[in-house]
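**Q** Each chain is listed here by its residues.
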Amino acid sequence: MIAELGLVALWLSAALAVLQMASGAMGLAGGDNARFAIYARPAAVVQAFLATLAFFLLLWAFAITDLSIKLVATNSHSAKPFIYKLTGTWGNHEGSMLLWVAVLALSGGLLAGLERRLPEKTMSATLGVQGFVALGFYAFLLLSSNPFERLPVPALEGSGLNPLLQDIGLAIHPPTLYVGYVGLSVAFSLCMGALITKQVTPDFAKVMRPWVLGAWVFLTFGITAGSYWAYYELGWGGWWFWDPVENASLMPWLAATALLHSVSVLAARDALRTWTIMLGVLAFSMSMLGTFLVRSGVLTSVHAFAVDPERGTFILILLGLYIGGALGVFALRAGSIAEGKRFTATSREGALVFNNVMLSAILAIVLLGTLYPLLTEAFDVRVSVGPPYFNPAGAIFAIPMFLVMAVGPLLRWKDDKPARIQFELAMLAAVVIAVCALVAILGDYSILSVLGLALAIGLGIAAFLPLRGRNLRRVPTATWGMVMAHFGVAVALFGMACETAFTSEKLAAVAPGGVEEVAGWTIELESVDPVAGPNWTAVEARIFASRDGGERIELNPQARNFWSPSQATSESALVTRWDGQLYAVIGDQAGVDANGNTRWQLRVWWKPFVTFIWYGGLLIAFGGVLSIVGRIRVDLKRRNAKALGDARREDMDALKGDSVSGGGPVPEPAE
Amino acid sequence: MKAKHQRMTLVVLALVAIIGAGLIATWALRSQANYFYLPEQMAAEPPAVGQAVRLGGMVQEGSIETQADGITVNFVVTGNGDSTIPVTYSGILPDLFVENSGVVAEGSLQADGTFLATNLLAKHDENYVPRELEGLEGHQAEDYAETVAQSTRGIE
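Chains as they are written, first to last, in the working numbering: chain A, 5 to 675; chain B, 4 to 159.
One thing to keep in mind: the hints can contain errors.
[What the hints assert, rightly or not] Example chain A residues on the side facing chain B (calculated, C-beta under 7 Å, incomplete): (1) S364; (2) A594; (3) R607; (4) I636; (5) R637.
Simulated from the structure, these hints should not be mistaken for laboratory data.
Computed from a prediction, not measured in an experiment: that's the story for all the values here.
All C-beta atoms in this analysis are idealised placements derived from N, C-alpha and C, irrespective of residue type, glycine included.
Turn these sequences into a full structure, and let the hints steer you where they fit.
**A** As structure tokens, then:
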């Protein structure tokens with residue numbers, strides 16, 4: 005019953021998407037047809053309810069392990085811990101696409117239900133486009149990846165979930181990324197709506213900004229969580245692998261970061277109109293491309309589900325349809341959008357434009373590096389593209405970007421003289437050069453990590469300079485958001501550079517009782533014992549680590565063997581200190597030592613400040629949240645002021661009786 | 004007129020940067036074409052000593068040899084031809100690293116002709132084959148296709 009109900013809810017949602025699309029188009033046509041436009045909003049809201057219901061029904065089916073449903077039977081197991089039964093809902097192709105569609109419908113519903121600031125026509129066009137986008141994904145789900153398909157005969161037992169996915173990381177990482185991807189679809193629809201109705205104005209930018217910010221916060225958080233998950237779960241001690249699927253989440257983030265800054269320029273200064281629209285299209289294209297890369301199975305990576313050309317083709321067609329359509333509308337309408345306000349190169353807009361271009365260039369580097377192996381494969385040449393390509397090629401554009409990022413927020417809008425901030429410039433340059441020199445003298449480190457360290461410290465100081473000479477209690481919340489996010493970039497960069505430059509590693513075959521030393525830590529292997537979990541067995545090491553003769557901390561890394569499906573994983577054990585992390589994994593048996601005791605492979609890293617990478621990511625996301633809160637508070641204040649102004653004007657009118665009212669402009673609080 | 008001028012400048016600037024990025028990417032990627040080697044390629048045209056490359060092939064039967072220190076492993080990688088490359092690796096072996104199975108070694112060629120691996124990529128699970136090794140695994144290819152066909156489980 006659950007499955008049928010879910011399927012009905014999905015089909016109804018698809019029908020409502022058609023209604024929303026048609027109604028939006030009618031609203032655009034104007035004239036007599038305009039009266040049909042009223043259906044778009046309710047269609048979007050009801051659709052949001054139905055699609056979310058469908059997702060919860062699937063969640064329920066996984067919770068009770070309904071083995072008559074094919075998806076549950078192939079991806080779940082009755083013996084699995086309850087939390088992983090739930091997260092298993094989106095640990096597979098169909099379930100994750102349903103989650104994607106549910107989030108898409110939900111954000112469409114929110115947009116339709118809450119947004120009242122846009123002109124009616126623009127709103128109609130936006131909802132129409134949103135309905136069109138949603139319809140494509142409903143079609144994909146219903147025609148090629150039905151999550152509610154029944155088995156002819158219920159299975160006796162499910163085949164289980166990949167053990168790597170039986171982790172709390174899976175509960176967080178994919179859903180947050182999806183919310184981010186899908187939030188960009190709203191930004192895309194808004195861009196298209198504004199472009200079709202020629203309403204690319206600061207007001208439109210103010211409507212779009214919270215959506216872009218929200219999507220960007222979720223993307224930032226999702227990427228950060230994914231990086232930490234890979235770090236401790238894969239047992240390799242790496243935090244970024246330039247894996248195509250990691251790139252698939254990084255590319256929308258880069259585009260969204262550029263869009264976020266350009267939409268702020270449009271909102272505050274009415275400049276960069278076409279550029280903002282272009283970035284809106286680009287950001288959503290990257291979300292779609294990410295979905296295509298992950299879902300189509302063109303990548304044989306840890307992330308790919310199953311090789312299924314039909315699904316890949318379907319997403320590719322959707323991608324072509326939306327992006328081709330968007331570029332077509334762009335080509336037709338871009339000429340009719342008037343040039344925005346002008347600015348000089350040495351202004352805040354100038355700096356933002358420069359960094360927008362740098363972000364796009366990094367995006368191009370990552371995109372080409374990700375797609376290149378796929379292209380050469382068509383000619384039967386197998387290539388792997390890894391850090392030796394991405395790191396230096398990305399750095400060529402990232403370094404100038406970080407330099408401008410340090411200075412940009414100090415510049416004034418429209419036009420500024422560099423001489424005005426020469427003290428700050430000189431100080432930052434001195435800091436960067438001094439750190440470079442110091443680190444280069446102290447040791448022999450790679451040039452990128454030295455530069456990264458210097459830039460991180462420079463950026464960390466520069467992030468707070470915009471607050472200099474201001475009354476801290478009167479600084480707008482959104483400005484605090486910017487300061488936090490920029491400081492977060494510095495913190496993350498510091499962590500990356502430190503981890504790359506200063507990590508110490510110890511690898512040894514150790515018998516119980518043996519002692520090893522790494523970077524001031526004493527590691528003692530006490531014993532290695534077999535242990536068992538609900539659906540795995542493992543060997544577990546008891547290790548005592550102490551730093552400089554201090555307190556002994558017990559660590560229990562495991563080498564696990566799951567039996568359904570059969571797979572081995574390595575569970576790392578971590579000790580976190582403020583200045584870094586100790587990371588231990590246990591390997592195989594490695595023969596016997598001189599006394600005939602069994603030895604075990606032990607690998608231990610001391611990674612200085614590695615945690616700063618993720619603290620930085622969290623700070624960036626937190627900055628985004630502050631910014632949203634600040635914007636929404638200003639907006640609410642404005643709405644109140646407007647309501648108050650309207651009420652007062654009505655009172656005045658009433659007092660004046662029939663006489664003509666002045667009705668001057670309502671004062672609006674400053675941005 | 005001047006307004007038009009500024010817009011043009013912006014467009015040109017953006018184009019220059021993006022095309023620059025494209026050119027850098029193309030140039031760097033072309034040198035990356037030399038990043039992945041099969042044993043026969045490495046024997047015919049060896050990369051420079053110390054250059055970071057990947058070597059992919061099959062682990063020769065009976066060639067895995069653990070050294071006395073318990074963490075250094077020597078093995079031989081074979082390809083489609085007769086060429087073989089000896090590999091030295093210090094570290095914890097991937098869970099599915101076995102003889103007659105595919106492996107991709109990251110590292111560099113040493114002056115003595117051995118390949119010093121810093122990282123080994125083997126299959127993470129029975130469904131995963133390093134992309135470069137698809138089609139190389141001869142007798143295992145069928146098993147692989149079968150596993151994929153009957154299973155939609157995978158990982159995100």
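**Q** Hint by hint, say whether it matches the structure.
**A** Here's how the hints hold up against the structure:
1. Checking S364 (chain A) against chain B: minimum C-beta separation of about 6 Å stays under 7 Å; hint holds.
2. For A594 (chain A), the suggested interface contact is upheld, since its CB lies about 3 Å from the closest CB of chain B, less than 7 Å.
3. The closest approach between the C-beta of R607 (chain A) and any C-beta of chain B is roughly 5 Å, which is under the 7 Å cut-off, so the hint is satisfied.
4. Annotation: interface hint on I636 (chain A) violated; nearest CB of chain B at approximately 31 Å, more than 7 Å.
5. Given the 7 Å rule on beta carbons, the hint for R637 (chain A) is violated: about 33 Å separates it from the nearest Cβ of chain B.
Hint check: violations occur at hints 4, 5; the rest are consistent with the structure.
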